[in-house]
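Colleague: Sequence order for the protein chains is A and B.
For the first sequence, position 39 matches number 62 in my numbering, and the numbering has no gaps at all.
For the second sequence, position 89 matches number 437 in my numbering, and the numbering has no gaps at all.
Because the hints were derived from the structure by calculation, they are not lab data.
Small disclaimer: the values here were computed from a predicted structure and weren't measured.
Any given hint might turn out to be false.
Cut-off 16 Å, straight-line C-alpha distance, at most; resulting in silico cross-link-like pairs (EDC-like, lysine to aspartate or glutamate) [unchecked claim]:
id : chain 1 : residue 1 : chain 2 : residue 2
1  : B       : 390       : A       : 63
2  : A       : 67        : B       : 350
3  : B       : 416       : B       : 404
4  : B       : 451       : A       : 63
5  : B       : 385       : B       : 432
6  : B       : 419       : B       : 404
7  : B       : 451       : A       : 64
8  : A       : 50        : A       : 95
9  : B       : 419       : B       : 375
10 : B       : 385       : B       : 397
11 : B       : 416       : B       : 375
12 : B       : 416       : B       : 353
13 : A       : 67        : B       : 353
14 : A       : 94        : A       : 75
15 : A       : 67        : A       : 79
16 : B       : 385       : A       : 63
17 : B       : 385       : B       : 407
18 : B       : 385       : A       : 64
19 : B       : 390       : A       : 64
20 : A       : 85        : A       : 109
21 : B       : 419       : B       : 350
22 : B       : 370       : B       : 404
23 : B       : 451       : B       : 350
24 : B       : 370       : B       : 353
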Amino acid sequence: NAGVMQNPRHLVRRRGQEARLRCSPMKGHSHVYWYRQLPEEGLKFMVYLQKENIIDESGMPKERFSAEFPKEGPSILRIQQVVRGDSAAYFCASSPPGTWAYGYTFGSGTRLTVV
Amino acid sequence: GENVEQHPSTLSVQEGDSAVIKCTYSDSASNYFPWYKQELGKGPQLIIDIRSNVGEKKDQRIAVTLNKTAKHFSLHITETQPEDSAVYFCAASGANSKLTFGKGITLSVRP
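Only chain A is shown next, with the shape it has when bound in the complex (with noise of 0.2 Å):
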């Protein structure tokens, strides 16, 4: 039974570069959450999606990044025409249905360094 999947495990992009984060949930998952990770800091919350849904955004920068949870594959983290300071850690984690955050299991993340 695989964890949450993140790919890929380190992501270089130069400035202006698109990046993007995806992220498997467990099996019978289908809540998932994104977090960032700045250096000597705590994960803050960036967004929440179940198949097909955005639920809560309230912690997405306005402009540049978008994520979406299709019906079939990973969710993916959008970062468009990225910048020295989205260099982070992404953090995925998923929960069962109906469990809110008692249920999440985190993925091992995504180092983006932006160069």
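With chain A held as given, fit chain B onto it using these hints.
Modeller: Only chain B this time, still in chain A's reference frame:
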């Protein structure tokens, strides 16, 4: 919104001693308080959690206590071992699925 403060930011203990990490939260509506352990290069791993209808919970060498009146909760690790060395995060959640995290504490267990 919720604000979670975590103190201290670093903690060093001798192997076999106990470690206590404290967190405070601001939103009285928060009702779920998990603790996560993060090792270098890995994602956070849930080690113990507590809900607001319980004052204390224990799992082997790890325990968590919650004081709702004072809005603080603490992680207690007894008989610390070198493999307990990691970054520990407290978090709080209310009637939604968002977790608000503290900034983390680096625990070092000296052999």
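Colleague: Does the alpha-carbon distance linking residue 419 of chain B and residue 404 of chain B stay inside the 16 Å limit?
Modeller: holds, 14 Å
Colleague: Just to be careful, I want the Cα atoms of residue 385 of chain B and residue 397 of chain B compared with a cutoff of 16 Å; is the pair within it?
Modeller: holds, 12 Å
Colleague: If you draw a straight line from the CA of residue 385 of chain B to the CA of residue 63 of chain A, is it 16 Å or shorter?
Modeller: Given that 16 Å is the threshold and the Cα spacing comes to 14 Å, the pair holds.
Colleague: Tell me if the straight-line CA distance from residue 67 of chain A to residue 350 of chain B falls inside 16 Å.
Modeller: holds, 12 Å
Colleague: Would you check the hint for residue 385 of chain B and residue 407 of chain B, treating anything up to 16 Å between C-alpha atoms as holding?
Modeller: Holds. Residue 385 of chain B to residue 407 of chain B sits at ~15 Å (cutoff 16 Å).
Colleague: Between residue 94 of chain A and residue 75 of chain A, is the straight-line Cα distance small enough, at 16 Å or below?
Modeller: Roughly 6 Å separates the two Cα atoms, so the pair holds.
Colleague: Given the hinted pair residue 416 of chain B and residue 404 of chain B, is their alpha-carbon gap at most 16 Å?
Modeller: holds, 11 Å
Colleague: Holds or violated: are the alpha carbons of residue 50 of chain A and residue 95 of chain A at most 16 Å from each other?
Modeller: Distance of about 13 Å is within 16 Å: holds.
Colleague: Are the Cα atoms of residue 85 of chain A and residue 109 of chain A separated by 16 Å or less?
Modeller: Distance ~13 Å between residue 85 of chain A and residue 109 of chain A Cα, so the pair holds.
Colleague: Hint check: residue 451 of chain B vs residue 350 of chain B, CA-CA at most 16 Å. Holds or violated?
Modeller: holds, 14 Å
Colleague: Compare the distance between the alpha carbons of residue 390 of chain B and residue 63 of chain A with 16 Å, and conclude whether the hinted pair is satisfied.
Modeller: holds, 14 Å
Colleague: If you draw a straight line from the CA of residue 370 of chain B to the CA of residue 404 of chain B, is it 16 Å or shorter?
Modeller: At roughly 14 Å apart (the allowed maximum being 16 Å), residue 404 of chain B and residue 370 of chain B satisfy the hint.
Comparing the model with each numbered hint stated earlier shows that all of them hold.
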